[in-house]
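Trainee: These are the residues of each chain, in order.
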Amino acid sequence: MLVGSAVPRTEDPPLIRGRGSFVADRATGAWAVRFVRSPVASGVIRSIEFPDGALVFTAADLEGLGDIRPMLHRGDYAPVAQPLLARDRVRFAGEPLAAVVARTAYEAEDLAEQVYVDIDVEDCVVDVVSAMADGAPKVHETDLGTNIAVDARVATPGVAEAFTSAAHVVEVQVGSDRQSAFPLETRGGLAEFDPRTGRVRLTTSTQAAHVVRTAICDVLGIPERDLQVIAPDVGGGFGQKYCLAREDAVVTWLARRLERRVAWIEDRLENFTSAFHSREHQYTLRAAFSADGIMQALDADIICNVGAYSCYPVTCAVEPLMAMAEMPGPYAVREYAARARAVLTNLCPIAPYRGVSRPVITLALERLMDTAARQLGVDPVELRLRNLIDDFPHTSPTGLVYDEASYREALRSAVEAVDLPSLRQRQAELRERGRFIGVGFSTFSERTGYGTSAFAARMMDVTLGYEDVELAMDPSGNVELRIGASPHGQGLATALGQIVADRLGIELAAVRVNHGDTDRDPFGWGSFASRGMVIAGGAASLAADMLAEQVSRVAAEMLEAVPEDIVLADGAATVAGTTVSVLISEVARTASHRRDLAGGVQGLAVRTTYDPAGTFSNACHVAVVEVDPDTGAVTIERFVVVEDAGLLVNPMIVDGQIHGGVCQGIANALYESLQYDDDGNLVTASLLDYLPPTIAELPHVEIHHLVTISDATLTGAKGVGEGGTIGAPAAVLNAISDALSPWGVDVNQMPATPSRIRSLIRGRHPERNNTR
Amino acid sequence: MSSQERPVTLEVNGDPVRVFVEARKTLADTLREDCGLTGTHLGCEQGVCGACTVLIDGDPVRSCLMFAVQAEGSEIRTIEGLESADGTLHPLQQSFWDHHGLQCGFCTPGFLMLAAGVLEKDPNADEETLREALSSNLCRCTGYQNILKSVLAAAEKLRS
Chain G
0 MLVGSAVPRT EDPPLIRGRG SFVADRATGA WAVRFVRSPV ASGVIRSIEF
50 PDGALVFTAA DLEGLGDIRP MLHRGDYAPV AQPLLARDRV RFAGEPLAAV
100 VARTAYEAED LAEQVYVDID VEDCVVDVVS AMADGAPKVH ETDLGTNIAV
150 DARVATPGVA EAFTSAAHVV EVQVGSDRQS AFPLETRGGL AEFDPRTGRV
200 RLTTSTQAAH VVRTAICDVL GIPERDLQVI APDVGGGFGQ KYCLAREDAV
250 VTWLARRLER RVAWIEDRLE NFTSAFHSRE HQYTLRAAFS ADGIMQALDA
300 DIICNVGAYS CYPVTCAVEP LMAMAEMPGP YAVREYAARA RAVLTNLCPI
350 APYRGVSRPV ITLALERLMD TAARQLGVDP VELRLRNLID DFPHTSPTGL
400 VYDEASYREA LRSAVEAVDL PSLRQRQAEL RERGRFIGVG FSTFSERTGY
450 GTSAFAARMM DVTLGYEDVE LAMDPSGNVE LRIGASPHGQ GLATALGQIV
500 ADRLGIELAA VRVNHGDTDR DPFGWGSFAS RGMVIAGGAA SLAADMLAEQ
550 VSRVAAEMLE AVPEDIVLAD GAATVAGTTV SVLISEVART ASHRRDLAGG
600 VQGLAVRTTY DPAGTFSNAC HVAVVEVDPD TGAVTIERFV VVEDAGLLVN
650 PMIVDGQIHG GVCQGIANAL YESLQYDDDG NLVTASLLDY LPPTIAELPH
700 VEIHHLVTIS DATLTGAKGV GEGGTIGAPA AVLNAISDAL SPWGVDVNQM
750 PATPSRIRSL IRGRHPERNN TR
Chain Y
0 MSSQERPVTL EVNGDPVRVF VEARKTLADT LREDCGLTGT HLGCEQGVCG
50 ACTVLIDGDP VRSCLMFAVQ AEGSEIRTIE GLESADGTLH PLQQSFWDHH
100 GLQCGFCTPG FLMLAAGVLE KDPNADEETL REALSSNLCR CTGYQNILKS
150 VLAAAEKLRS
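Protein chains in written order, with numbering that gives the first Met the number 0: chain G, 0 to 771; chain Y, 0 to 159.
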């Protein structure tokens, strides 16, 4: 059995040999496209001047093309339009104003510097408070008449009563600074015009080739057959490369207009200023607890700064609406009210980033739990155990159905793994000596693998969800699995190969997985939301079973047996209980070349789909930290993850996903923050200012697995791609707050930088203000 | 050759190479565009991420921070030259494969060349030294844990 074993990845050999094929690698020799970007956050474009004869294109050249206008069909959503290049006005610093085309990237940069842009600068709004204030400058003229792009509410009937009768009411305010997904490969698109067919092939660093094709064809007004979109090797995405890059639409248009091969390779400055940001959220949670510590009601106020435009296809409402829908997370509270707002500002637009809202949801709920534990005088682990879901299926107040999981067991296992009693003892001893360690828990659910029914509830114009696959065996007995998912580092090709190979009784090497080519692969929604293994995996397992049945029928004909008696294993089809067998390669040849002997099987090829309702992974993260109250520095001593992702198809890959996810979660908790000045200029636009952690900052991540097999997923696998990122921030901030409890300091805003921690301590202890 | 281009002679992965490049062209772009060696990646062009790390006369160097003309006469090794002539993987490459030291693979050539340079100079480098050296480069996928595991395992193999 390959499923369940840590087989090395089939993706790796070209990548370790330097033979990867990323978009920039394919773009050598293409004409270079450079975007001239707005130097200001808000203003009216008066003129754009450039040298005569230069290949410079502006919004005026794009007249007649559509805007990018992602749609949610709900009355509380205000749609906004994004032109391919800024037209009439600019709405954030970094917005593309013009596209310059030259023979080389060096020449294109020279030319871009000669483009003179005259903009009447206007007042901008950079933060949600000023954007929501009366008389605030409007980022767009919208149907709602404000800077609010979505203002949604939900409430169960008994919330007010629960607060009135509560023994305790606990309130926390938490937030996350703006963060970049920071894929190591920046974005980029290579568009090649084919003069023979008039088609364009766009090779782009994307997580969802089919979505890009539809979006670009819609705005350019061309049929989808005229555009082939290819996702080559993609150097990380984490969500930033899921939503449409307007620049990709421009390079596609340029290839058609110039009938040339043109490429835009984003530089790191552009990636910081202009590629989607995420995570700028502020939540206020209030919870009503009974005297015995049971949460009776939860009220959430969710505000997200979504920047200047709405991202296609998921819209700028995705983060606040997800936060509203997925609270109260793993807790069984029945009464729930929430208000969720997306606020438009003159900042770079946001798009989902690994975990989407859940890192902040989890931070909010887990800070709430620790705060409540202190207020109620209950141990924080005990308080969680009293409130975690333990009865399945569980229907949340917003109607989500939770399949079986292990919330309490994960927490108990985590407590055991870190040996909490001895940690508490050491904490007390160290405090006596003026050292401050703390332990923080984070329990959470990770909703994954949800299909059309879940997305339909969002009322998006584009309803994501299912995954189609095609599987065919060639006359040599090798198979190709073509998928609509678009993995870019997750190892999905290997894991799907394991499933298919097992079911067909062939070697992993006999399975090739093809993805990221709209000409060749079935329509699909790409890779996001921890869904690849669940949905594409489910579809692949169905397809493999269908193909195995065809192979068995041909083999049965060849062996004069019945198909039900054929066993496929070790590259052969064998009549069960006998040594009568034929090689699968011979079966494959017969099916193609001697159809007269193939038992009526019309070729070895199948196509199928899988569209599940969804499942919930769960985990508990524990961080043990030491905080230096003088410097505010945080050291993570230990980081433990107890994860339940159901069946592990490839445990090595699963652990890798957790390692990387936790790393990004710790980055969110301690290091990464995109900061703007009051005029809307990004002041952290280099790697000297924006600080993705190196190996020096990161702990060893210790992983324990629980395995709950639920019937909500065909393969038994639950998703695991985002969990690390979701759980880690809350564990770290809870640990810091625990460490600093003698100082009376709660750390509720990410990242918990040294200066933030110092200022919190000084806020409570003015005597520590050094006024020299 | 335009008037602004000048000849540069390099030794790349053991082969003599003569290219004509503008003085402002970086070594990274020269390797990628003029030598066809696209395994050297550009992640930031700010000298921070290290994806473009190559060995110049044995030292790990960020090829985005150096002009090709500055490399005149140097011996350069890139990821394409790390495996043996017969295609056998270098122990570091094999170890990254065995220990899941890569996910998207974009930073991988830089980490491999960095580790190769460090271990060639100091085959007995201990874990602390290697962690310190590996902190030169950025990876966004792996959390570095399996990169360290891969390098430690390869170091041991190289010593034996």
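A hint or two may mislead.
As the list claims (entries may be wrong) - Heads up, incomplete: computed chain G residues facing chain Y, CB under 8 Å, no partners named:
(1) Leu54
(2) Phe181
(3) Asp232
(4) Arg267
(5) Gly659
(6) His703
(7) His704
Quick caveat, the hints were computed from the structure, so don't treat them as lab data. We put the CB at the ideal spot given by N, CA and C, even for glycine.
Trainee: Hint by hint, which ones does this structure get wrong, listed from lowest number up?
Mentor: The structure breaks hints 1, 6, 7; every other hint is satisfied.
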